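Undergrad: Add chain L to chain P, keeping to what the hints say.
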Amino acid sequence: MAGTTLSGRLSWRLADVVETVVETPRTKTLVLSVPGWEGHRAGQHVDVRLTAEDGYQAQRSYSIASAPDGERIELTVERLADGEVSPYLADELRARDKLELRGPVGGYFTWEIADGGPLLLIAGGSGIAPLMAMIRHRAATGSSVPTRLLFSSRSWEEIIYRDALARLAATDGALQVTHTLTRSQPSGWDGYRRRIDEAMLVEVAAPPSAHPLTYVCGPTRLVEEVASTLVALGYDPARIKTERFGPTGG
Amino acid sequence: MDDADLRLDGNAAAGQLAEFFAFDVTVAEATCDGCGEAAAVGTLAAYGLAMGVILRCPHCDTALIRVSRVGHGQWLDLRGMRVLRVPVAG
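Protein chains in written order, with my numbering: chain P, 1 to 250; chain L, 1 to 90.
Everything labelled a hint here was simulated from the structure, so no lab data went into it. Owing to the predicted nature of the structure, the values given are computational and were not obtained by experimental measurement. Don't be surprised by glycine CBs; every beta carbon is placed ideally from N, CA and C. Warning: the hint list may mix true and false statements.
To be verified - If we take Cβ atoms under 7 Å as the criterion, some of the chain L residues that face chain P in the derived model are:
#1 Asp9
#2 Asn11
#3 Ala18
#4 Asp24
#5 Thr26
#6 Ala38
#7 Gly42
Stated by the list, open to error - Some, not all, of what chain L presents toward chain P, calculated at C-beta under 10 Å:
#8 Ile54
#9 Asp61
#10 Ala89
#11 Gly90
Unchecked claim - Listed below are the simulated EDC-like cross-link pairs for lysine to aspartate or glutamate, each with C-alpha atoms no more than 20 Å apart in a straight line:
#12 P:Lys98 x P:Asp16
#13 P:Lys241 x L:Asp24
#14 P:Lys28 x P:Asp91
#15 P:Lys241 x P:Asp197
#16 P:Lys98 x P:Asp82
#17 P:Lys241 x L:Glu37
#18 P:Lys241 x L:Glu29
#19 P:Lys28 x P:Glu158
#20 P:Lys98 x P:Glu19
In isolation and in its complexed conformation, chain P is listed as follows (with noise of 0.2 Å):
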């Protein structure tokens, strides 16, 4: 009966698969056309749902890694071995495919322009995707917002949008990209190569007193030592965002 169900407002659509593009050996980027999509915020997501012939449906929510640009979205999907959907997003899934999509959502993670900075930005792994969204969207608007990254990947392969990073970077004195290898490191590599703690925070990141606008995202572990670090060391609670990119993300 129309009206009495739950709706409406937040409606399942589906997307245009229009490439996909290997990010490193776990991950791949989707890059989708949504008919009608109403734009996003840097950091908001989407959930994607995956049916099976017998109506089993399984879904996931998956930040979106763009900036705001039309129709278009990309998600960065990481094959999780044992995951449900994501073996199917990374791997299967091919351009012209169609994907089941709903969303925008979540405001909670988000940066726009407006908000200023300067910025903080703390990635573990795939936990990048939504930190990738402000830094393009950052560049998409020239905005000069100082801005440091620390990412910490496993190795130098497991870098996700490590060109694009680079390219960014180069480019832009305003913007500074530092990585952290905790597994592996390439000969020669001359970076961190341990988990991101205090000595490291106290190296790269804006000092307290410039108060930075902070956005950490990647496994919970890493969030919760990233996020209880910097208030120990002086930071503004109210300005550090968290999210958490479990392997329940599968």
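TA: Only chain L this time, still in chain P's reference frame:
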């Protein structure tokens, strides 16, 4: 992998919560009925279930919000939440 690895936060439940709320509830601040701490719904600890999601207090683990899908019903259980403060413009 332990429980901490399986945990997401309320940000990931934004879509499921939008089925009930006319505003973005992830930016609203929920006060826990267990310990009295307040936190943005987006920061609550989220545990995904096949049939829904449970959002728990990051301080004391009380379940503030439970969403579950049973048959043709979508259930919202808020008994662990004392009060919800919704930001308004101006």
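Undergrad: Assess, step by step, whether the Cα of lysine 241 (chain P) is no farther than 20 Å from the Cα of aspartate 24 (chain L), and give holds or violated.
TA: 16 Å, holds
Undergrad: Is lysine 241 (chain P) close enough to glutamate 29 (chain L), meaning Cα to Cα at most 20 Å?
TA: Within the cut-off at roughly 14 Å; holds.
Undergrad: Just to be careful: measuring from the Cβ of alanine 38 (chain L) to every Cβ in chain P, is the smallest value less than 7 Å?
TA: 12 Å, violated
Undergrad: Does aspartate 91 (chain P) sit within 20 Å of lysine 28 (chain P), going by the straight-line distance between their CA atoms?
TA: 9 Å, holds
Undergrad: Is the interface hint satisfied for threonine 26 (chain L)? The criterion is a beta-carbon contact with chain P at less than 7 Å.
TA: 5 Å, holds
Undergrad: Grab the minimum C-beta distance from alanine 89 (chain L) to chain P and call the hint holds if it beats 10 Å, violated otherwise.
TA: Since the shortest Cβ distance to chain P is 13 Å, the answer is violated.
Undergrad: Below or equal to 20 Å on CA atoms is what counts here, so check lysine 241 (chain P) against aspartate 197 (chain P).
TA: Given that 20 Å is the threshold and the Cα spacing comes to 18 Å, the pair holds.
Undergrad: Within 20 Å, alpha carbon to alpha carbon, are lysine 98 (chain P) and aspartate 82 (chain P)?
TA: 23 Å, violated
Undergrad: Have a go at the aspartate 9 (chain L) hint: is there a Cβ in chain P nearer than 7 Å to its own Cβ?
TA: 5 Å, holds
Undergrad: Given the hinted pair lysine 98 (chain P) and aspartate 16 (chain P), is their alpha-carbon gap at most 20 Å?
TA: 5 Å, holds
Undergrad: Holds or violated: is the Cβ of glycine 90 (chain L) closer than 10 Å to a Cβ in chain P?
TA: 16 Å, violated
Undergrad: Classify the hint on alanine 18 (chain L) as holds or violated, based on whether any CB of chain P lies nearer than 7 Å to its CB.
TA: Holds, because the Cβ-Cβ distance from alanine 18 (chain L) to chain P comes to roughly 5 Å (cut-off 7 Å).
Violated hints, listed in ascending order, are 6, 8, 9, 10, 11, 16; each of the other numbered hints is respected by the structure.
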